[in-house]
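For the protein sequence lines, the chains are A and B, in the order given. Per this note's numbering, residue 1 is the first one in the first sequence, and the count goes up by one each step. Per this note's numbering, residue 1 is the first one in the second sequence, and the count goes up by one each step.
One thing to keep in mind: the hints can contain errors.
Claimed, not checked - Straight line, CA to CA, 30 Å or less: simulated DSBU-like cross-link-like pairs of lysine-lysine:
1) K264/B x K73/A
2) K211/B x K133/B
3) K252/A x K264/B
4) K199/B x K244/A
5) K16/A x K211/B
6) K244/A x K263/B
7) K263/B x K250/A
It should be emphasised that the hints constitute simulated quantities derived from the structure, not laboratory data.
One-letter residues, chain by chain:
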Amino acid sequence: MNILVCIKQVPDMEAKFAVAANGVWYDPTDLAWRMNEYDEYGVEQAVQLKEQVAGSDVTVLCIGTDKAKEIMKKALAMGCDRGVHVADDEVFSREPYEIAAIIAEFARDKGFDLVITGMQSQDRGSAQVGLLVAEMLDLPGISTVVGCSLDGDGLALSRELEGGVRAKVRVNLPALFTCQLGLNKPRYPTLPNIMKAKKKELITIAVADLLKVAGRQATTALFVPQKKGGGLVLEGDPAELADKLIGILKEKTTVLS
Amino acid sequence: MKCLLIGEYRQGEMLSSVYELFGFAAGIGAEAALFLVGSEAAVPAADIGVYLADAERYGEYQPQVHQRLIAAAVERYQPDLIVFSHSSYGWDMAPRVAYRLGAAQVSEVVDFVDGEPVAPVCNGKLRRRIALKTARTVLTLQAGAFSAATLPAGSPNIEAVEADEQPRIIFEGYEQAPAADVDLSKAEVIVSAGRGIGKPDNVAMIAELAKKLGGEYGASRPVVDAEWVAHERQVGTTGQTVSPKLYVACGISGAIQHLAGMKKSEFVVAVNTDKDAPIGEVADVLVVADVTQFIPVLSEKLG
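So here's chain B without its partners, still in its complex pose:
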């Protein structure tokens, strides 16, 4: 089995998520090569095969062009699996590449059993196993599902790939979210609000508990999207990544994007009416209760 692993390059650097792709390939005993639209300087100093396209020439985000470049690398390497991270680059590129190659695609793979990928359904509450019907398959891997690999020492064997495709969109650059006034990454205690708090007025009781515990309050994405809490307090893949001594998740079901932002917390308490909510997987203590009933009582007892 051969895997072509698709690296990601943003603002001049290769993202470290690529090591999880190598970990996946090693785990299934497959031979692997790296594809990257990037620069030679960004390629890891390791004994690996690399298909490299020049980001200066092809752009960091030019999906149509990258699709052709990956197809060119596939033509040369002849992999069985083309593997991406399930990220803003990976889920964007994978369907385009799958279509170009006439390949099946399975998204957000969390396991690989006897040649069949396993992927989550309904926010991770269920999983499914998938039989593939095409010669090649495109996979995107859930962040953190496969352990990062250490690459063999040595120097890379780099082959340049080229494509002759005109961009169809104009990439105008990156926009950084304004610097947050609240640096959650420094807080020792974070109490976060999820959709389960019910209504915007209830943010106050979350903030109150955070204050009693000497920490800050945060929020999950739905609460931020609904504008109950400012974006600078969002915990998760698209917000802040935190690792406090205590994380209290209030009415947060535990979507993978949220878990990725808080699972390194030292101690996690979840308050949720649903005993089976995915947040329970990472919680040291799961309090089965309605947030609006439990939190005020807890705050009061903390004096």
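In isolation and in its complexed conformation, chain A is listed as follows:
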């Protein structure tokens, strides 16, 4: 099975974010960066499928600045065979339609049986790229996948809906799916695999060679939302905080009476 898995580098969401000088995105300095969590499930699923189907090959693709190679090395250490880095210093201003067009342009003539993406990125959270790639490549696309197994020459997939309900879907290859959290248990790269990954092919393509469309939207302003209300904020020593909180609960609720 010839698999393409697409990953993105995002900041750790626990960070304190500040608006960048350009006013339309967050300031990338002083942030800790990691692989988009949804994409980790994608890499793991690609590698699991490779382990199940002899002769499989997994290409990992990432659009980003030079720094994005950090997460590509992790994906290679998790078991991807080769990396394609699409070098793009303007990646933060690209909207989902442009990102999808770059991926589709790369994938178009490569004969991938399966394309895997995260269902969304943690920073932009648009949940569009994977399904747009499916449209552009004319592949059946299934989103929000929490279960994946081989089924004859196709895949049996579970889509997560609301309230604990899942939809069971079967699809023939070639196809594309997008990963929801909890699809599998992403492995930690072992030291020998980290060493091996250093020898794997990692090519770089300039974004200009793949981006043939114009964006359909642009962010005009990024801002910190105004706090709507929020309640009382308590700070201090844990023992004092506990006393204060118990006092408040006695006064405002009936659970301690």
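Could you slot chain B onto chain A? The hints should help.
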């Protein structure tokens, strides 16, 4: 301005989230019509225009086919905005429809200011305003961001829509999560664990506090995905929706999917090291502290 509002139909019923779409359209002063792959019986008895495709014929989940049906309704109604809920159906269909129509799409819209949508970034810690460059735009709306509307009394004006498209996937049916042994919806107190508890061993201190308060413990999604806590205890969109007298969120940052499951709680206490965590928006009291230091002290004082 005209909005085509895309309803959702699951297991024979239209989901009530559609009323928030009507609320959005009314809020921006737009004319609106409903699109639904469903049944006539599921259409609200109200004075609205409806483009209806038959779910018996086209399936409740057949995205390629639904894409063509929505495109057919767009062709007839000529809307400026095609509006979905940001849900498992909406975020799945919206990009397909946007692509088909050559339209821009903005996801999880929380506000609409002077013709420009506003959407969250980084788990709601930031927001952005977006300028659109296409004649039509596809939007998905964050659940709860727009108030549900009451529809005008009367009877619907239904037009059937049809499409001639073959499915490309096989929909094999729904799978219901096994019934939970723990019914969080009945608990008067829920103490929930989030990623901020640090490690699986610390679930015990959350359970201990829940017991001291005479309630149950729950968890946010990351903790359930990591298998520190069973799925039946998950609070949020994909788990249980709860409204206890007291909800204590421990180390939970407050992703929208979690907030949607607990924001109807009567009193909310959040324990978090991050003063700016989104959970603070719904908390009556935010205790700025490390869960692992604070919770044991609190439990001890409760005797």
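Where does the structure disagree with the numbered hints, that is, which hint numbers, in rising order?
1, 2, 5
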